[in-house]
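Chemist: Quick note, the sequences are listed as chains E and Z, same order.
The letter at position 201 of the first sequence is residue 235 when you use our numbering, and the numbering goes up by one with no holes.
The letter at position 228 of the second sequence is residue 262 when you use our numbering, and the numbering goes up by one with no holes.
Heads up, some of the hints might be wrong.
It does not matter which identical chain is used: a pair holds within one copy or between any two.
Here are the simulated lysine-lysine pairs, BS3-like style, with alpha carbons at most 30 Å apart [unchecked claim]:
#	residue 1	residue 2
1	K48	K64
2	K122	K64
3	K122	K56
In short, the hints are calculated from the structure, not lab data.
2 protein chains.
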Amino acid sequence: MRRTITGFSNPTVKYLRSLREKKHRRREGKFLAEGLRLLTDARESGRLPEMLVMAQGRERHDLLDALVAAVDAAGGEVVETDPDILGKITGKDNPQAVAGMFGEWDTSLGALQCEGADLWLVAQALRDPGNLGTMLRTGDAVGAAGLILIDDCADPFSVEAVRASMGAIFTQQLAQAGWEEFLPWLRAGAGQLVAASLRDAVPYRGAPYAAPCFVLVGNESRGLPEEYELACDLRVTIPMLGRADSLNAAVAGAVLAYEVRATLGG
Amino acid sequence: MRRTITGFSNPTVKYLRSLREKKHRRREGKFLAEGLRLLTDARESGRLPEMLVMAQGRERHDLLDALVAAVDAAGGEVVETDPDILGKITGKDNPQAVAGMFGEWDTSLGALQCEGADLWLVAQALRDPGNLGTMLRTGDAVGAAGLILIDDCADPFSVEAVRASMGAIFTQQLAQAGWEEFLPWLRAGAGQLVAASLRDAVPYRGAPYAAPCFVLVGNESRGLPEEYELACDLRVTIPMLGRADSLNAAVAGAVLAYEVRATLGG
Chain E
35 MRRTITGFSN PTVKYLRSLR EKKHRRREGK FLAEGLRLLT DARESGRLPE
85 MLVMAQGRER HDLLDALVAA VDAAGGEVVE TDPDILGKIT GKDNPQAVAG
135 MFGEWDTSLG ALQCEGADLW LVAQALRDPG NLGTMLRTGD AVGAAGLILI
185 DDCADPFSVE AVRASMGAIF TQQLAQAGWE EFLPWLRAGA GQLVAASLRD
235 AVPYRGAPYA APCFVLVGNE SRGLPEEYEL ACDLRVTIPM LGRADSLNAA
285 VAGAVLAYEV RATLGG
Chain Z
35 MRRTITGFSN PTVKYLRSLR EKKHRRREGK FLAEGLRLLT DARESGRLPE
85 MLVMAQGRER HDLLDALVAA VDAAGGEVVE TDPDILGKIT GKDNPQAVAG
135 MFGEWDTSLG ALQCEGADLW LVAQALRDPG NLGTMLRTGD AVGAAGLILI
185 DDCADPFSVE AVRASMGAIF TQQLAQAGWE EFLPWLRAGA GQLVAASLRD
235 AVPYRGAPYA APCFVLVGNE SRGLPEEYEL ACDLRVTIPM LGRADSLNAA
285 VAGAVLAYEV RATLGG
């Protein structure tokens with residue numbers, strides 16, 4: 035279905051703008067993703083926006099044509115508006131911008147597809163949406179099956195997290211759960227839980243990683259609670275050769291995950 | 035020297051607030067750093083603020099006492115103000131906040147201390163101050179001597195970069211230069227220039243890294259110019275096992291730098 039929207043006070047414009055805020059996303063179960071490349075990643079991963087928004091008179095592009103055709107075929111809406119209104123929705127002054135509104139999906143642990151997965155990233159109380167998106171992006175690159183968010187993390191469907199994921203929000207599996215739900219779920223299977231730690235830990239290089247390996251990273255300022263560290267099957271240390279006692283959370287996860295990947299092969 | 039400041043229109047308040055903008059930092063050669071831990075890192079690394087700002091009636095703290103004593107002894111200013119005004123300076127609503135105004139230092143290549151350094155991080159056209167600060171933080175952890183910024187990078191003295199560095203802005207060496215200046219400087223010594231690349235590259239694990247090793251990371255969206263890659267002594271590939279063709283720049287630098295560290299030892 036095609037529509038043209040004019041006027042900032044149009045309810046659709048207001049609705050889309052409202053999805054920049056977490057409380058509205060929660061209530062509506064919808065989120066925004068921006069950029070032709072990201073939306074193409076989504077399409078190629080089988081995720082289509084329920085609504086696609088672009089500026090009237092935008093330059094043609096093969097990938098955009100493919101996107102419009104796919105949204106049309108799936109019964110979604112294609113909305114054209116003027117560049118100023120588009121800018122209000124995307125928060126950017128770019129008349130070439132394309133935005134999509136997606137329905138959020140099931141992020142329960144039970145919905146994860148674990149078969150064949152040898153590596154997962156797990157983040158606990160990760161507060162920065164940029165770090166969260168970066169972990170999704172790293173997970174894609176390192177061949178992880180997905181990201182599991184433990185306790186009170188940033189919203190993976192926020193504009194910042196989606197942007198930093200560079201499309202991996204659509205390709206990585208994603209779950210959200212409390213620790214008290216995660217640990218029994220993990221223990222019901224064969225997963226090895228690994229954390230970077232200073233407690234009773236072995237060097238991260240050459241540690242006995244085993245698939246399926248779950249790489250656990252803690253909160254940006256507090257790290258992991260002691261109880262969580264103690265519940266891990268393997269605690270490893272990454273050398274800290276300077277004054278600081280920790281790496282950025284997304285960086286620590288990446289250094290560790292690439293080491294695990296090298297051990298597991300693939 | 036001690037001073038108490040009341041009133042938002044006080045020229046010192048205006049001056050300090052202005053340092054949140056790059057053009058004012060450039061003109062004045064001053065920058066802001068915030069947080070007792072960060073300022074303590076600075077002090078212990080031999081960098082003292084020219085002016086220290088805190089709220090009147092702030093809780094005592096041994097590290098704060100040490101900082102005040104050091105600033106006093108060095109002839110700097112200690113300014114007390116009310117929490118609202120402090121919030122205007124730091125941009126945060128935290129009456130326990132402490133801010134320091136520092137003089138920028140010489141960031142020319144000629145000022146770098148290269149003796150004994152076996153690892154450097156180099157970033158080209160890195161635009162995100164958070165990535166820049168994260169690279170400084172990683173450099174500290176991985177035992178790098180410092181960070182060299184090539185071409186038009188984000189400002190390392192911005193509030194965001196200083197914050198993301200978690201104090202490493204004070205402990206890592208820092209230089210800023212154009213490529214046309216950097217390359218002859220490098221070639222005048224024995225440095226090995228290494229980049230992650232897809233061109234004529236070898237696997238990053240087990241590659242023949244040699245000290246002093248310079249790990250080069252490119253711009254967030256464009257990567258490195260071809261000419262720069264071709265000028266490298268060693269091009270390595272980090273496995274990209276998913277859909278994406280790149281890692282976050284700070285993440286790529288960290289994965290590579292930790293691999294170099296493992297090869298070089300130390």
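Chemist: If a hint holds in the structure, say so; if it doesn't, say that too.
Modeler: Hints versus structure:
1. K48 x K64: within (14 Å within a copy, 42 Å between copies)
2. K122 x K64: Result: close within a single copy only, 18 Å intra versus 35 Å inter.
3. K122 x K56: Classified as both; 17 Å inside a copy, 26 Å across copies.
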